[in-house]
Amino acid sequence: RKKKNTKYQDDEGRMKAALDLLRSGRSFRKVFKLSGILIGVLHRHRANNKKGELTSQQGRPPVFHPNVEEMFASRLAVMARWGYSIEKYDLRLIAKAYADHRGLNLVRFKDNMPGKDWVETFLKLHKQVFLSDMLRT
Numbered sequence: 155r156k157k158k159n160t161k162y163q164d165d166e167g168r169m170k171a172a173l174d175l176l177r178s179g180r181s182f183r184k185v186f187k188l189s190g191i192l193i194g195v196l197h198r199h200r201a202n203n204k205k206g207e208l209t210s211q212q213g214r215p216p217v218f219h220p221n222v223e224e225m226f227a228s229r230l231a232v233m234a235r236w237g238y239s240i241e242k243y244d245l246r247l248i249a250k251a252y253a254d255h256r257g258l259n260l261v262r263f264k265d266n267m268p269g270k271d272w273v274e275t276f277l278k279l280h281k282q283v284f285l286s287d288m289l290r291t
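The sequence shown begins at 155 in the numbering used here and counts up one residue at a time.
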């Protein structure tokens, strides 16, 4: 297993302090020297951060809104509690039916059908919902 590069992983406190220094009028170079956070990282966080909150996600935005994914996870947990066995293919069909019903054209999916990798990521992101439900039963 490849070890994560922790050299550039900044904690939220340091980043928030660095952004506060930038807002107070300090230069990027001065903030870099004080905090040790790279200038490019400071630029990215400041550009994505007009309201002052930290940007927690990078990369491509999720396909469905987080509220929709939470709804999927909670409904699947209820179905599991009731004794229905849901397979990964069933989850893909549920997501496709939701997108079709809403009239969404999800260009990332062929015919609005999520791939196996989407299901794996979905289950990994919402692991806590399923684990807490299993612990209750």
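Some hints could be false.
Claimed, not checked - Pair ranges (Cβ atoms, derived):
1) Leu188 to His255: 49 to 57 Å
2) Ala251 to Lys170: 18 to 26 Å
3) Lys281 to Tyr252: 35 to 43 Å
What the hints assert, rightly or not - Lysine-lysine pairs mimicking BS3-like chemistry, simulated, CA-CA at most 25 Å apart:
4) Lys281 to Lys250
5) Lys270 to Lys242
6) Lys187 to Lys170
7) Lys242 to Lys184
8) Lys281 to Lys270
9) Lys264 to Lys250
10) Lys264 to Lys242
11) Lys278 to Lys250
12) Lys250 to Lys270
13) Lys278 to Lys242
14) Lys278 to Lys264
15) Lys170 to Lys184
No lab work stands behind these hints: they were computed from the structure.
Backbone N, C-alpha and C define an ideal beta-carbon position, used for all residues, glycine too.
Results for each hint:
1. Take leucine 188 and histidine 255: their Cβ atoms lie about 52 Å apart, and the range 49 to 57 Å holds.
2. The hinted range of 18 to 26 Å is not satisfied by alanine 251 and lysine 170, whose Cβ atoms lie roughly 42 Å apart.
3. A C-beta distance of roughly 21 Å is found between lysine 281 and tyrosine 252, which places it outside the suggested range of 35 to 43 Å.
4. Between lysine 281 and lysine 250 the alpha-carbon distance is near 21 Å, which keeps this suggested pair within the 25 Å criterion.
5. Of the supplied pair hints, the one linking lysine 270 and lysine 242 holds, its CA atoms being roughly 8 Å apart against a limit of 25 Å.
6. A threshold of 25 Å between alpha carbons decides the hint, and for lysine 187 with lysine 170 the separation of about 15 Å falls inside it, so the pair holds.
7. Restraint check: the Cα-Cα separation between lysine 242 and lysine 184 comes to about 51 Å, which exceeds 25 Å; the hinted pair is violated.
8. Our distance criterion of 25 Å between C-alpha atoms is met by lysine 281 and lysine 270, whose separation comes to about 16 Å.
9. For the hint pairing lysine 264 with lysine 250, the CA-to-CA distance comes to about 10 Å; that is within 25 Å, so the pair holds.
10. Distance check on the hinted pair: lysine 264 and lysine 242 sit about 17 Å apart at the alpha-carbon level, within 25 Å; holds.
11. Proximity of lysine 278 to lysine 250 is assessed by CA-CA distance (about 19 Å); at most 25 Å being required, the pair is judged to hold.
12. Pair hint lysine 250 plus lysine 270 holds up; C-alpha atoms about 13 Å apart against a cutoff of 25 Å.
13. The suggested pairing of lysine 278 with lysine 242 holds, with an alpha-carbon distance near 13 Å, which does not exceed 25 Å.
14. A threshold of 25 Å between alpha carbons decides the hint, and for lysine 278 with lysine 264 the separation of about 22 Å falls inside it, so the pair holds.
15. Restraint check for lysine 170 and lysine 184: the C-alpha separation of about 15 Å stays at or below 25 Å, so the hint holds.
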